[in-house]
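Engineer: Using the sequences and the hints given, assemble the complete structure.
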Amino acid sequence: MSDIVIIGGGECGARAAFALRERGFDGSVTLVCAESHLPYERPPLSKATLIDALEPKLVADAGRYLSDGITVLTGCSVLAIDRAEKSVMLSGGQPLRYDRLLLAVGARSRLLPDMAEAAGRIHTLRSHDDALAIRAALHAGGSLVIVGGGFIGLELAATARMMGVDTILIEGLSRILSRGVPEEIAEAVAARHRAEGVEILCGQAISAIEDGAEKATVRLAGGRTIAADLVVVGIGAVPNTALAEAAGLAVENGIAVDRYLRTSDPDIFAAGDCCSFPLDLYGGRRVRLEAWRNAQEQGTLAAANLMGAAEPVSNVPWFWSDHYDMTLQITGLADGATTTVRRPLGDGAFILFHLDGEGRLLAASGIGKGNAVARDIRLAEMLISAAARPDPHALASPATKLKSLLAA
Amino acid sequence: MSNWVEVCAADDIDEEDVIRFDHDGRTFAVYRSPEDQYFATDGLCTHEKIHLADGLVMDDIIECPKHNGRFSYKTGEAKGAPVCVNLKTYPVKVDGGSVFISI
Numbered sequence: 001m002s003d004i005v006i007i008g009g010g011e012c013g014a015r016a017a018f019a020l021r022e023r024g025f026d027g028s029v030t031l032v033c034a035e036s037h038l039p040y041e042r043p044p045l046s047k048a049t050l051i052d053a054l055e056p057k058l059v060a061d062a063g064r065y066l067s068d069g070i071t072v073l074t075g076c077s078v079l080a081i082d083r084a085e086k087s088v089m090l091s092g093g094q095p096l097r098y099d100r101l102l103l104a105v106g107a108r109s110r111l112l113p114d115m116a117e118a119a120g121r122i123h124t125l126r127s128h129d130d131a132l133a134i135r136a137a138l139h140a141g142g143s144l145v146i147v148g149g150g151f152i153g154l155e156l157a158a159t160a161r162m163m164g165v166d167t168i169l170i171e172g173l174s175r176i177l178s179r180g181v182p183e184e185i186a187e188a189v190a191a192r193h194r195a196e197g198v199e200i201l202c203g204q205a206i207s208a209i210e211d212g213a214e215k216a217t218v219r220l221a222g223g224r225t226i227a228a229d230l231v232v233v234g235i236g237a238v239p240n241t242a243l244a245e246a247a248g249l250a251v252e253n254g255i256a257v258d259r260y261l262r263t264s265d266p267d268i269f270a271a272g273d274c275c276s277f278p279l280d281l282y283g284g285r286r287v288r289l290e291a292w293r294n295a296q297e298q299g300t301l302a303a304a305n306l307m308g309a310a311e312p313v314s315n316v317p318w319f320w321s322d323h324y325d326m327t328l329q330i331t332g333l334a335d336g337a338t339t340t341v342r343r344p345l346g347d348g349a350f351i352l353f354h355l356d357g358e359g360r361l362l363a364a365s366g367i368g369k370g371n372a373v374a375r376d377i378r379l380a381e382m383l384i385s386a387a388a389r390p391d392p393h394a395l396a397s398p399a400t401k402l403k404s405l406l407a408a
Numbered sequence: 001m002s003n004w005v006e007v008c009a010a011d012d013i014d015e016e017d018v019i020r021f022d023h024d025g026r027t028f029a030v031y032r033s034p035e036d037q038y039f040a041t042d043g044l045c046t047h048e049k050i051h052l053a054d055g056l057v058m059d060d061i062i063e064c065p066k067h068n069g070r071f072s073y074k075t076g077e078a079k080g081a082p083v084c085v086n087l088k089t090y091p092v093k094v095d096g097g098s099v100f101i102s103i
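Listed in order, the protein sequences are those of chains F and H.
Sequential numbering of the first sequence, starting at 1, is according to this note's numbering.
Sequential numbering of the second sequence, starting at 1, is according to this note's numbering.
It is worth saying that the hints were derived from the structure and are not from the lab.
Since the model is a prediction, treat every value here as computed from it, not as a measurement.
Note that CB positions come from ideal geometry on N, CA and C, so glycine has one too.
The reader is advised that the hints may include incorrect statements.
To be verified - Listed next, the stretches of chain H that the computed footprint assigns to chain F, with coverage defined by at least 3 CB atoms under 8 Å from CB atoms of chain F: (1) 65–79; (2) 86–93.
Claimed, not checked - Straight-line distance between alpha carbons at most 30 Å, and here's what the computed DSBU-like set of lysine-lysine pairs gives: (3) F:LYS401 - H:LYS79; (4) F:LYS47 - H:LYS74; (5) H:LYS88 - F:LYS369; (6) F:LYS403 - H:LYS49; (7) H:LYS49 - F:LYS369; (8) H:LYS88 - F:LYS403; (9) H:LYS79 - F:LYS403; (10) H:LYS93 - F:LYS57; (11) H:LYS74 - F:LYS403; (12) F:LYS86 - H:LYS93; (13) H:LYS88 - F:LYS57; (14) H:LYS93 - F:LYS47; (15) F:LYS401 - H:LYS49; (16) F:LYS369 - H:LYS79; (17) H:LYS79 - F:LYS47; (18) H:LYS88 - F:LYS401; (19) F:LYS47 - H:LYS49.
Structural biologist: Laid out in structure tokens, this is it:
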């Protein structure tokens, strides 16, 4: 095996490329990036990028790719995969041969049903260029409507308020963060946003969004009409599966891979936001994660398995989200939990532990100022990984160090 | 020409733990290892300037609370993505039950 091609210039693809070299792979490595930038970190796009960064925060600078002997093709996409020939067709028209292929093609912004693409005053936020377009339209005293009360929308709302922008956030369901975030934590996030001046409207269906020369207009089914300088639609992400589907690979809420990140073709792997995989720790449940750390860890794991190792996915899901000076962190998957234990940490910070009927810790979610919950969430992640059944009273007592439960 | 600064009482840091220490406009992280030795590094992660003292100490590793960047707090060595720049370390001594760092 001498040629590895990685499609996708995000966190995952870049990490995979470097990890191949760190593990001693000495064949060719080609990273195909659809965007014109070198791979960059996406978490700042809803935060710092909107305030003060014109340049993307690169995963690594150009010199690192050069010294690692990684060929980076920017502004280049893959039109098709020829599995019989083991080659991909690049957008420039040339084929590129592979021995092993990694699909790290990510996800794209979900659009509203009758929305062809983001245009004019109506935006989505996924790429650095999206962030720059939003940034150019945001200014103090201006107005913003955000459609969708998920993490992207809420982080954007926080940034917009810090910039002095009038912000209204519209959520279709009865509360924000309804997917995977406990109600008490979602309520803490909502309360803070309201205190900062964000108007949050839940349970609202949108009947139309109209672009206009002066303002965009959002019409709610309830009759209210809201005009704003810009509208950002943040209603989730859709995995990029078209290339895999056209190549006949199995797709199931993302490109379907096994526990080694292998697709239905043994020479093609997939990793990061684009793939669904079975998580042994949760009874082999098939999940797809849209998170920075998952992208990084799966990129690294894919590199090992591209080189012939057989290391299964074993990491516990984890992510964070920032709102003003507060950070929320969640680890694990709470589905199937029957008991919730609350651990107060002072200064308003707290953690909720989610346990199943047998007392096994499935997930932990916390929120607080700065990184107040980080250490305990990290320890919870280790307890989950160890399939621990910690004493609920110990979890609830801030006087009990979680580290002591890990040793038990 | 060392400038020893008192940080805290030796007992103020638990074994295998870390505290934040601010001095003269700078911030440091001061550690007590599982072997009951004391160490000190710059207080902020080299990736995104996060206070490391909110992170988790495991053996001789400090893990950043934000993005899980890892360093050896004994040598300052960065232990892999997303961190690639080492942490600066400082000499530490325990004298009369107090911890001092040389800055």
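Engineer: Hint by hint, say whether it matches the structure.
Structural biologist: Structure-based check of all given hints:
Coverage of the region 65–79 of chain H by chain F holds [criterion: at least 3 residues with CB-CB distance below 8 Å; count 4]. Beta-carbon proximity to chain F at under 8 Å applies to 0 residues in the region 86–93 of chain H; the threshold of 3 is not reached and the given coverage is violated. This hinted pair checks out: LYS401 of chain F and LYS79 of chain H have alpha carbons roughly 26 Å apart, not beyond 30 Å. Taking the CA atoms of LYS47 of chain F and LYS74 of chain H, the gap is about 33 Å. The hint is violated against a cut of 30 Å.
Distance restraint check for LYS88 of chain H and LYS369 of chain F: the Cα-Cα separation of roughly 27 Å lies within the 30 Å cut-off, and the hinted pair is therefore satisfied. Among the hinted pairs, LYS403 of chain F with LYS49 of chain H is consistent with the structure: their alpha-carbon atoms are about 25 Å apart, no more than 30 Å. About 16 Å separates the Cα atoms of LYS49 of chain H and LYS369 of chain F, which keeps this hinted pair within 30 Å; it holds. The hinted pair formed by LYS88 of chain H and LYS403 of chain F meets the criterion: a straight-line CA distance of about 27 Å does not exceed 30 Å.
The straight-line distance between the Cα atoms of LYS79 of chain H and LYS403 of chain F is roughly 22 Å, inside the 30 Å bound, and the hint therefore holds. As the CA atoms of LYS93 of chain H and LYS57 of chain F are separated by approximately 39 Å, the hinted pair breaks the 30 Å bound. Our distance criterion of 30 Å between C-alpha atoms is met by LYS74 of chain H and LYS403 of chain F, whose separation comes to about 21 Å. Annotation: proposed proximity of LYS86 of chain F to LYS93 of chain H is violated, straight-line Cα distance about 61 Å (limit 30 Å).
Proposed proximity of LYS88 of chain H and LYS57 of chain F is supported: the alpha carbons are some 23 Å apart, at most 30 Å. A threshold of 30 Å between alpha carbons decides the hint, and for LYS93 of chain H with LYS47 of chain F the separation of about 41 Å lies outside it, so the pair is violated. About 26 Å separates the Cα atoms of LYS401 of chain F and LYS49 of chain H, which keeps this hinted pair within 30 Å; it holds. For the hint pairing LYS369 of chain F with LYS79 of chain H, the CA-to-CA distance comes to about 27 Å; that is within 30 Å, so the pair holds.
Restraint check: the Cα-Cα separation between LYS79 of chain H and LYS47 of chain F comes to about 27 Å, which is no more than 30 Å; the hinted pair holds. This hinted pair checks out: LYS88 of chain H and LYS401 of chain F have alpha carbons roughly 29 Å apart, not beyond 30 Å. As the CA atoms of LYS47 of chain F and LYS49 of chain H are separated by approximately 15 Å, the hinted pair is consistent with the 30 Å bound.
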